[in-house]
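Asker: Take the two lone chains, each set in its own frame, and fit them into one complex as the hints suggest.
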Amino acid sequence: MSVIRRRLRTVAVAALAAGVALVSTACSKSDNDGSTGEGGQVKLVLQTFQNFGYDQAIKDFEAAHPDITVEHQKMGELRDFQPKLVQWLAAGSGAGDVVGLEEGVLLGYVQNHDKFTNLLDLGAGELKANFPEWKWNNALTPDGKKLIGLGTDVGGLAMCYRKDLFAQAGLPTDREEVAKRISTWPDYIALGRQFKASGKVKAAWLDSATSLMQPYVMQNSETFFFDKDNKFIGDTNPIIKQTWDLGLQMAADGLTAKAQRWSADWDAAFKNSAFATLPCPAWMTEGVIAQRSGPANAGKWDIARIPGGGGNWGGSYLAIPAQTKHPKEAYLLAKYLTSKEGHLAAFKEAGAMPSDIAGLEDPAFKDKTSDYFSSAPTGQIFGESVKNMKPVFLGAKHQQVWETIFEPQMQAAERGQLSSDAAWKKAVDEARKATS
Amino acid sequence: MSSTVDAVPPSRAASPPPTTPPRQRPSYRLGRWDITYSPYLYIAPFFVLFGIFGLFPLLYTAYVSLFDYELLSGTKEFAGLENYRVLMADAQFWNAAYNTVGIFILSTVPQLIVALLLANLLNRQMRARTLLRMGILIPNITSVAAVGIIFALIFADRYGLINWLLGTVGVDPVAWRDNRYASWFAVAFMVDWRWTGYNALIYLGAMQAIPKDLYESASLDGASAWRQFWAITVPLIRPTILFTVIISTIGGFQIFTEPLMYGFGLVRGGADHQFQTLAMYIYERTFTGNAEYGYGSAMSWLLFMMIIIFALINFVLIRRSVKGDEK
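Keeping their order, the protein sequence lines are chains A and B.
Start counting the first sequence at -14; every next residue gets the next number (my numbering).
Start counting the second sequence at 16; every next residue gets the next number (my numbering).
You can trust all of the hints, since none of them are fake.
Here's a subset of chain A near chain B, in silico, CB distances under 7 Å, partners left out:
#1 PRO68
#2 VAL71
#3 ALA75
#4 ASN97
#5 TRP247
#6 ALA249
#7 ASP250
#8 ALA253
#9 GLN385
#10 THR389
#11 PRO393
#12 ALA397
To be clear, the hints were calculated from the coordinates, so they are not data collected in a lab.
Think of the CB as a built atom: it goes at the ideal place given N, C-alpha and C, for glycine as much as any other residue.
This is chain B alone, in the form it adopts within the complex (with noise of 0.2 Å):
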């Protein structure tokens, strides 16, 4: 540091006056930059990190689907939109994306109301509610696997525990896997169970932002709880209500683990693909067999667009519904 401010003076060595002000003038630039650009700076780790692990697979991946690119036999050629044009065609493809939605619809909408109404039961004074609260997270951070195991052990066709309690009130079994809104609904319970606590805590935690002088002159005005619930609670948490829409959107779609479970660890989904989603069948197609990368990209990337779609799709859908008559 010293050296430089030494190698300075003989250009200015002319202007006699004082040596402070050259000194200062550095530290006072680093301040300025310090307070321009640091804040990028403390961001940057974010970006850095998605630019390397979101952003580049995500656009090298376009690039790969653009190839006909099989890593068994090693052949990689131009191709340009000729996967999409074949995924296009892909009944099994179709069929997947069927799944896809189905599953995430039976799953996610009982799945949020539940929540909502449970946040709205733990919001109240209680006793043990810390434990309660924190109970409601437990089946979240248990593994996927071992819930899959569990549920597919619970759903089994002739052994399973529901089959024999149904036998036992004299329902006939269920099929379980062959039948194809069974093992919907088999799989979406299973994502319920895991998921619900902790959309519930979410809801929880916005619900306690809200003014309790609210639910004092809703009360006043001899509003029921339910009429409150509706017309406070839910409205003034919708920002929350859009974020879980739309992260259970994201996760919904790429399910995976718990369908591949449920079918005892085969990507295949059932004899007939029944309940195969769009994350197995894009595995099956890159990972096992011939390792179709360009093609297994291509599905990846509608399967991206998919996303986005729904996405966009429920969040204007729950904004409007939700709005209801306030404002």
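Chain A with its partners taken away, still in its complex shape (with noise of 0.2 Å):
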């Protein structure tokens, strides 16, 4: 008995460590190999942050592609991921084959692209056409001869406006009507002092100041803070001042409700009709303004054409860290995501606005309307100003530029806190500090 089990026992512990040295040779093998197993299976990892709607997308991708595997690691949100991705990208290890950067950031490495693949050597140069000119050449190097991001999803932009204000002050309420009436910025501040002239209302006309900078500045120029260089020109750019002075012009004449956006007084201002209109990229209106405005408000909302005609605010895009050891694999799962099935997944998955012209034809987004602002082709209203936007040259530090100086020296201003001139020359001087 004792026999049998001490040589059971002998047999177990060598069955085990025969085990255990399998194990570890099939792990360091598929290691040193970067996972390409046998019969040439090739696993990828894809790493994104908040919801970019890929569950479906992959699913189709790996049943097309048998021998690639997707491992989809979400990296919660952006803030938390962005951080990570720099950490591993100058480790040289730890990044996905496949990343997703959200647009500010992707800005910041196409000055520094030495991190990333250039999809233009895996064959990406077939794919511009695809792409509206403007999100195409944002991840495309000032030469010109290195792109390092494949587009996803896209802001476009249009005018949030409160029908039921606009019959108050006895404006028109007719989505066409109106954006007859907002069709240049100018027509579109003349309405806003027809509308507080009537004074039958207690809103203001915009949410702040600061909403005119982005839309006004890319539809009228063709750089913002910074020339193809990246040299900062934030201070010379006539337009840049030009919206500055006509934003905080408004401001004075009691136009905007003064609401610092994502403070919980613009949160709230939403709850208390605090204003009439919004410039209001795609993402906005369900997750932002519907939210905010509350199950009370539904119907009240709805939507024009932007002043001007075209804009975006935000979207991202895909990229393959140099670091990656499927090149190849990681730029056909990209190109997939990318592509009109993709765009459309994604939508379908997350609401995410396509940026691939064809998808944003196809009637699955097209003819898509949002129940909460009355029914308004948001597919057709969003698609078209995507479509009408011009390209302009952003720079590696637009968003830090704007969101974390000019923006707050504008609120500011606004306020009263400071002169419009004393917050301009703050802004200036911060931004020539940082960017220099």
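Answerer: Okay, structure coming up:
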């Protein structure tokens, strides 16, 4: 008995040892040759933030490419993912084979692009016609020789407005009629004055003077804060100062609600019907405006074309870090996810607006309407704004300069904390320091 | 085990007598080792973990602070003390230091005084004593982020609760963010709301260790409750007060989440950085923009030094002032 038991134990130990050895060799094998297992099976890691809506698209991709499996790592919020990605890229390991880059992040990497694969080398040149020119150009180095990202979603821009408040002030409420009355920014401001002059509404015309800045500059200038050599020109680009003055003049005339975007007051201003119009990107409609205005205001909002016709706010890209061991397969994945099929799957799953032109034309997107916004044809309105937008060179630090320097200073001036001149000078000084 | 014992004898085969002594010796030695070394082994986990997660990062940060090290562009060049030199002239850093010290003083002083008084009240005989004692800890176990969001709403500029209350009594609304001192006050208020109960419980624990006969004899001598508090309670819990002051200094200088949530998640800390703290500025330079790890490390080291210096100053101040005329 005891002998048998002992022998059994020996066998078990031997088996266990053999098993451990097997497992460890298996592991080391897959580690060494970059997870290319038997039969050429390739495992790709895809890292995205927030919700790209790729669950179904990945399944379809795997079905079409039986030799590739995709591990989708959802990395949480952008602010959590971004510092990690910077570290992984610097360390040379840890980043996925395909990674999601938010537009502002991408712009920074266009300037420091050596950590990424040139997609043009992988044959991405053929995809150029699929995207609006500006979306494509943003991911291109200024010399046009290296492309580091393929466009995923975009944030087409429209003008969201409160129908009920328009009616109270005696303005037209039909979205076509409104679009005609605000077809240019001066028209838009003139209508705002009429709105206020009616004396029948307490609400302001616009949420904040700063809301004017991004769409106005992008429509009227080919550059924003930086020239194509990434030199700061925020102080000399006449359009920026012009927009700044225009916005602050609106504030001085009492046309803005002076609410700082993303603050608690801004949130509450929706519920309190404190303003009648708001330039709104596609992702803001259901996710921000409907949520903050609440069910009590359902059907009171509507959507018209943005003054000037085109615009974009936000959106992301897929890029392939240079550290990947499978650039070809990674490119196949990125290409599929940014194709019409990938875009429409993401739209269905997460409401992400396609940047693919064929996707924008597809009935699945184009015929989309929004119940909360008085059945406005959101697919059509937002789609047009993206296609109508002219390419603007933004530069590596565009987002940083706008969101952390110019916007806060403009808000301070709007609230009367500083004079417009003092705020402008501060913003320019700070931006020069941050970009030197 | 037995095999090693078997292996020994050949060399010792000459010494015939008992087989037991050699057997005992190793275990005896083990026993001695046990007594001499085990204590070190038992406390080793702390030191090993501290070494890995405390000491090493500390030293490595010092090392990195000597480099011009930017993660985004990938530069890494030895720069000596250049980062520290730039830091000395960085107005935004000193602005952040000013804010941090201001918020620290504005929060810690009232916090510890109120905690002391609260602990004194809770130390008495009263109804539902345990419930109250536990109750004051509740703010401490709520998530900082949740506290930050709620207080950002309460202190909102236009639709906030406080400005509404002020409005009902005819006071002009306060610009809770644009005004530097108002923003400090609001952030300090958040900190106090969270930490006063915690400190009160620590004081309470110390107070309960004070022998009751001291109070009895003081009462017989006709000392008032107030006098007893200052002449007996406070001097006797002095070590505890020192402890809380140092812990508050360390925590207060690293304040991050409260002002961040107060500024609606922006590390800028107000249009003019009026409530940007050191930790926020370090985060801004290290983890956003160019990811300047070298500069961030230099700032972190300077913050570390400032914490040590302030903790020492506070230590000396409190030891002096609490001593009073006792002893």
